[in-house]
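**Student:** Sequence:
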Amino acid sequence: MTAKKLLCFVFLVLCPMVWAQQDSIALKDVVVGDAQFRKFSDSQNVLSLNDSVLRRNNSSLTTLLQFNSPVYFKENGLGSGVASASFRGTTAQQTAVVWNGININSQVNGQTDFNTVAVSGYDAISVRSGGGSVIYGSSAIGGSVHLSNEPTFGNHFKNSIDASYGSFNTQRYRYKADFGSDKLGVNVIAFHNRSQNNYDFPNSTRHNLNGEYYNSGINIASACKISTRNFLKYFGEVYDGQRHFPLLTPSDTKTKYRDFNARNLVEWTNLGANYVSRMKAAYLHENYQYFENLVSDASGFATVETVIGKYDFAYNFSSDIYLNAIVDYTSANGRGSDIANHQRNIGSGTVLFKQKISPKVNYELGIRQEITENYDSPLLYSGGIKYKPFSFYSVRFNGSRNFRIPTFNDLYWADGGNPDLKPEASYQAEIGNDFQFSNAKFSVTGYYMKIRDMIQWLPGTSASWNPVNVNRVESYGIEALAEAKKAFGRHEFALNATYAYTISENEKTGKQLIYVPYHKATAALAYNYRKFSANVQSLFNGEVFTRSDNNSRYNLDAYAVVNAGIGYDFGRTNVYRIGFQVNNTLDSEYQTMERRPNPGRNYFVTLTLHI
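Each residue of the sequence shown is one higher than the last, beginning at 1 in this note's numbering.
One or more hints might be untrue.
What the hints assert, rightly or not - Think about it this way: if two alpha-carbon atoms lie no more than 16 Å apart in a straight line, the pair counts; the simulated EDC-like pairs of lysine to aspartate or glutamate are:
1) Lys508 with Asp569
2) Lys508 with Asp453
3) Lys254 with Asp320
4) Lys531 with Glu474
5) Lys386 with Asp42
6) Lys256 with Asp200
7) Lys176 with Asp252
8) Lys356 with Asp42
9) Lys388 with Asp434
10) Lys360 with Asp162
11) Lys511 with Glu483
12) Lys422 with Glu373
13) Lys360 with Asp320
14) Lys360 with Asp434
15) Lys256 with Glu212
16) Lys386 with Asp434
17) Lys176 with Glu212
18) Lys485 with Glu474
19) Lys441 with Glu507
20) Lys422 with Asp376
21) Lys386 with Asp297
22) Lys310 with Asp34
23) Lys450 with Asp434
Derived from the structure by calculation, the hints contain no laboratory data.
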């Protein structure tokens, strides 16, 4: 372990211990790190994934969202390759991943690799469709994924250990401690995953070569009250992983990739009679190494260290009028074998406003302006309204202007970076209909989006490729979410389903963007009877184009995948639980990325201990 990794780990462990010595009084609930997400999402489509869904999909964020959201994913190899999201027909760089209120998309390539995010490290995960750049800055064009850790106050002490073993020598381990008192709330999650990942290709004599991976991490969230009006919070996580990239052909050179990410966030909150004042300081460290040949120590690398300072002031003029002003400053220092040394400083100011006009109507407005020497920043804005004419029905509308800034690779890549790039800009609108009944809820949302100055890497005058602002994209479609619960005595049933119809076209050519399916649908059914549980979850993806001219010869076929599992709780107080999972029960043959087959039927057994 390097000195930097050791320092990050020690900081994670010591922070809650230091705060535990502070004097405090009882507090029922802790204020979570992402207050704006909860306060300013009334006019947008939000999908919150409950605990049972997280437990059934604890391998990676990719698997969780593939089977339980409208987001489409492509993977360069199951588990070990890069997993990229397409949200409402946008690119991976146009989907923001928000960790406890902080945008954590890579400064190097502009996206989050969802295979490097362990579901087991978080207490709550939500998906918000549509634009969010006014609150979260760059990349929140198609939508945003929110990762939260939530410590709680009150006298409690809970421990749990999860261990899973399955096909391809795949192992998953997780430990969670959740404890608190009137003075302190602490949540600690540690995990380790590894796999040989050497599955056979369906209907082939080949198997997945060079696909092994491992990753480990620790997440800590703590909060303590230091007076009747003030409390401190700390969120931290460390992720360390290595994966070998699967080979396209057996003769290819074996490669591997190492990730190390550390994130630290400290927040001081002051509560007044009519206001909440928050000061945040964050330090983010991201590093990767790419080894072009396993037998050599030579590697390409990039490291970015980001410091964020943020002040957030929210004022309630009355119970119906809410104003939130935010100023923040971000300094990112990047260096690498292909981007040299560069620094980017960004300051921004945001004003958010929300008013409840009547018990049936509320609206929200937002505006944001960034200042930086690297590019001209557009004025961002958003507005939404929600009307509830009946107790079971509400209609909402939202419109916004959003953007994505060029990445360090776009600007400074040694063989073709373009320092004159402009930010991508988008305009979008959506209208949604929500139905809420005693045992069910359903929503359907229609949206329209235009993106200009999309950054695309194209062949240059020499052998290199260069990024340019070239594409204009028009996207529109429909999203539907459904949820139902019903109990017959002790027999409990829960149904969740999503559907997305997506048109995303290059305005110049009129062609659908590659790796954007017209149709995606998911459905999950869970059953519980006393200590026994069972679940089935399914995924359908329509065919996708892999060529920009939409040549159907190279299309990836539509496919359906079904997973099923059972579980049983033992002990009078559910002390331990045994579960059995079958993935791809139909043994479907499918690919999410060209020439990257996924495994057929495979199995997992899980043991959970509550101490």
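**Student:** Which earlier hints can't be squared with this structure?
**Tutor:** Violated: hints 1, 3, 4, 6, 7, 10, 11, 17, 18, 19, 21 and 23.
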